[in-house]
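S.K.: So the chains spell out like this:
2 protein chains.
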Amino acid sequence: MARGLNSVQLIGTLTQAPDMKYTAGGLAILELNLAGNDHVVGSDGQLRELAWYHRVSVFGKQAEYLVDQLAAGTPVFVEGRLNYRAWEDASGQKRSALGINAVRVDVLTHGPRKGEPTVLDARGQERLKNALNHVTIIGNLIRDAELRYTPSGDAVTRFVVAVNEQYRDRSGQDQESVHFVEVNVWRELAESCAELAKGDPVLVIGRLVKDNWTDKDGNRQYKDKLEGSRVEYLTRGPGGGGASTRPQPAQQAVGAQRGQQSRPSPALDIDEEFPPEEDLPF
Amino acid sequence: MARGLNSVQLIGTLTQAPDMKYTAGGLAILELNLAGNDHVVGSDGQLRELAWYHRVSVFGKQAEYLVDQLAAGTPVFVEGRLNYRAWEDASGQKRSALGINAVRVDVLTHGPRKGEPTVLDARGQERLKNALNHVTIIGNLIRDAELRYTPSGDAVTRFVVAVNEQYRDRSGQDQESVHFVEVNVWRELAESCAELAKGDPVLVIGRLVKDNWTDKDGNRQYKDKLEGSRVEYLTRGPGGGGASTRPQPAQQAVGAQRGQQSRPSPALDIDEEFPPEEDLPF
Numbered sequence: 001m002a003r004g005l006n007s008v009q010l011i012g013t014l015t016q017a018p019d020m021k022y023t024a025g026g027l028a029i030l031e032l033n034l035a036g037n038d039h040v041v042g043s044d045g046q047l048r049e050l051a052w053y054h055r056v057s058v059f060g061k062q063a064e065y066l067v068d069q070l071a072a073g074t075p076v077f078v079e080g081r082l083n084y085r086a087w088e089d090a091s092g093q094k095r096s097a098l099g100i101n102a103v104r105v106d107v108l109t110h111g112p113r114k115g116e117p118t119v120l121d122a123r124g125q126e127r128l129k130n131a132l133n134h135v136t137i138i139g140n141l142i143r144d145a146e147l148r149y150t151p152s153g154d155a156v157t158r159f160v161v162a163v164n165e166q167y168r169d170r171s172g173q174d175q176e177s178v179h180f181v182e183v184n185v186w187r188e189l190a191e192s193c194a195e196l197a198k199g200d201p202v203l204v205i206g207r208l209v210k211d212n213w214t215d216k217d218g219n220r221q222y223k224d225k226l227e228g229s230r231v232e233y234l235t236r237g238p239g240g241g242g243a244s245t246r247p248q249p250a251q252q253a254v255g256a257q258r259g260q261q262s263r264p265s266p267a268l269d270i271d272e273e274f275p276p277e278e279d280l281p282f
Numbered sequence: 001m002a003r004g005l006n007s008v009q010l011i012g013t014l015t016q017a018p019d020m021k022y023t024a025g026g027l028a029i030l031e032l033n034l035a036g037n038d039h040v041v042g043s044d045g046q047l048r049e050l051a052w053y054h055r056v057s058v059f060g061k062q063a064e065y066l067v068d069q070l071a072a073g074t075p076v077f078v079e080g081r082l083n084y085r086a087w088e089d090a091s092g093q094k095r096s097a098l099g100i101n102a103v104r105v106d107v108l109t110h111g112p113r114k115g116e117p118t119v120l121d122a123r124g125q126e127r128l129k130n131a132l133n134h135v136t137i138i139g140n141l142i143r144d145a146e147l148r149y150t151p152s153g154d155a156v157t158r159f160v161v162a163v164n165e166q167y168r169d170r171s172g173q174d175q176e177s178v179h180f181v182e183v184n185v186w187r188e189l190a191e192s193c194a195e196l197a198k199g200d201p202v203l204v205i206g207r208l209v210k211d212n213w214t215d216k217d218g219n220r221q222y223k224d225k226l227e228g229s230r231v232e233y234l235t236r237g238p239g240g241g242g243a244s245t246r247p248q249p250a251q252q253a254v255g256a257q258r259g260q261q262s263r264p265s266p267a268l269d270i271d272e273e274f275p276p277e278e279d280l281p282f
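Residue numbers (full-length UniProt numbering), protein chains in the order written: chain D, 1 to 282; chain C, 1 to 282.
If you're looking for bench data, these hints aren't it; they were derived computationally from the structure.
Backbone N, C-alpha and C define an ideal beta-carbon position, used for all residues, glycine too.
Any given hint could be a false lead.
[Stated by the list, open to error] Reference listing, derived: stretches of chain C covered by chain D, where coverage requires no fewer than 3 residues with Cβ under 8 Å from a Cβ of chain D: (1) 3–17; (2) 101–109; (3) 119–129.
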């Protein structure tokens with residue numbers, strides 16, 4: 001399995017004063033609601049400005065010294081990582097969410113951006129017209145990519161990438177976790193990605209977007225996804241995908257092989273943690 | 001001094017087979033010469049395609065398992081850091097260079113890029129028309145920014161950013177080094193950055209370019225610089241600039257103060273390590 005790469009860079013403004021919480025163990029957690037506008041090329045080839053709203057979690061000392069510097073409207077730069085969580089809700093339904101954990105947060109001042117145009121959102125809050133939303137991941141597909149067409153005829157390919165993370169916990173133990181990132185790519189890129197198969201290691205660069213739809217029970221659902229603007233195939237095996245030099249955990253056997261190298265799939269089967277097809281917007 | 005951020009992402013192709021060396025201590029060093037084309041907006045507002053050539057150093061085990069997978073033309077993704085070196089040449093002249101040290105290298109295969117157009121360079125080597133050259137740094141200006149105008153009337157502002165790096169060396173000691181990165185920004189951004197002053201903490205996002213010029217002795221000189229497409233001012237003091245929680249090393253006093261916080265300058269005086277003005281291309 002490819003060694004994971006998981007990098008998020010955001011520049012945006014806070015939509016409200018940040019919310020500070022403490023865990024039972026006394027760890028500070030600061031929740032930042034960030035917004036910004038950035039630009040994508042639409043199906044007509046024109047640049048379109050799109051708003052994004054994402055929540056960023058900041059932990060520990062950094063949370064404590066940031067809390068007094070931040071207010072609604074404060075512009076910040078965030079470097080962080082996508083963080084996948086899965087749980088069962090009160091009714092026993094499996095749920096999952098993709099969040100952003102900050103590695104660092106820097107408060108921006110009005111220097112070069114002085115006089116830079118902003119837009120006001122529905123709550124009257126300033127949103128940067130030239131925000132930043134840059135995400136880079138490396139991981140493996142957990143199942144074959146799926147190509148579909150929207151009612152207006154745009155090709156869209158969906159796939160889910162398992163991004164490995166290896167870290168040392170507070171007690172000094174080596175831990176491994178996996179972040180499942182749903183990726184959508186559009187039009188020409190969608191068609192060229194349709195052949196991506198389970199286990200394939202990929203590099204995806206894009207922006208984090210929030211899909212929302214109404215599920216079959218009439219409830220509004222939200223899900224953060226990566227809208228890929230660039231997808232690269234990585235080679236497999238030693239060195240390919242920046243292969244870890246650590247011993248691999250036990251992995252499921254995979255029937256089909258592509259290329260010269262064996263193709264282990266992620267150890268977890270998370271298919272059922274994703275919303276059923278009928279809950280998806282198209 | 002702002003806690004440094006130093007991130008390089010490149011996608012390009014090797015211009016030749018990589019060159020493997022070993023240090024006296026047995027550490028493998030693999031040198032990759034990479035090339036690619038990317039796009040910038042020119043003074044006429046039009047997208048222009050520009051070639052870049054950069055050298056990337058890969059170390060240790062990663063170098064050893066990569067060497068057999070790489071040949072002239074192999075496409076790779078590199079995540080790395082800018083690395084500043086200074087030395088005296090044989091004639092006692094102070095010299096410096098900015099290189100790229102790889103954190104990881106992934107070999108790309110012809111997946112979605114299948115059929116993607118490439119150009120041939122002067123040596124007949126394929127160069128990706130859609131390469132990637134994405135650099136992000138956070139650091140402090142070592143002297144005031146300088147605004148000039150090219151003979152054709154384009155504004156260009158130059159400044160040098162000291163990027164801190166803290167790391168643990170092989171013997172487990174905490175070390176600190178500083179990377180000096182020369183930044184050029186153009187036109188409107190140049191004019192808005194002209195007021196940046198010594199000590200100011202900034203975030204710069206841009207592409208790494210190689211300036212070349214003939215010095216007063218008639219020798220061809222090359223220097224890697226960051227061409228900034230985005231510059232953000234950071235706030236100072238605790239939390240601002242992602243302030244380190246470590247004790248600060250002894251720092252020079254700085255006369256002028258801006259803002260509410262003290263403004264230490266980098267501990268090193270490297271002014272003389274940069275080429276004299278007459279050696280610069282304009």
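S.K.: Each of the hints needs a verdict: does it hold here or not?
M.R.: Against the structure, the hints:
no. : hint    : result
1   : 3–17    : holds (count 5)
2   : 101–109 : holds (count 6)
3   : 119–129 : violated (count 0)
In summary, the one numbered hint that this structure violates is 3.
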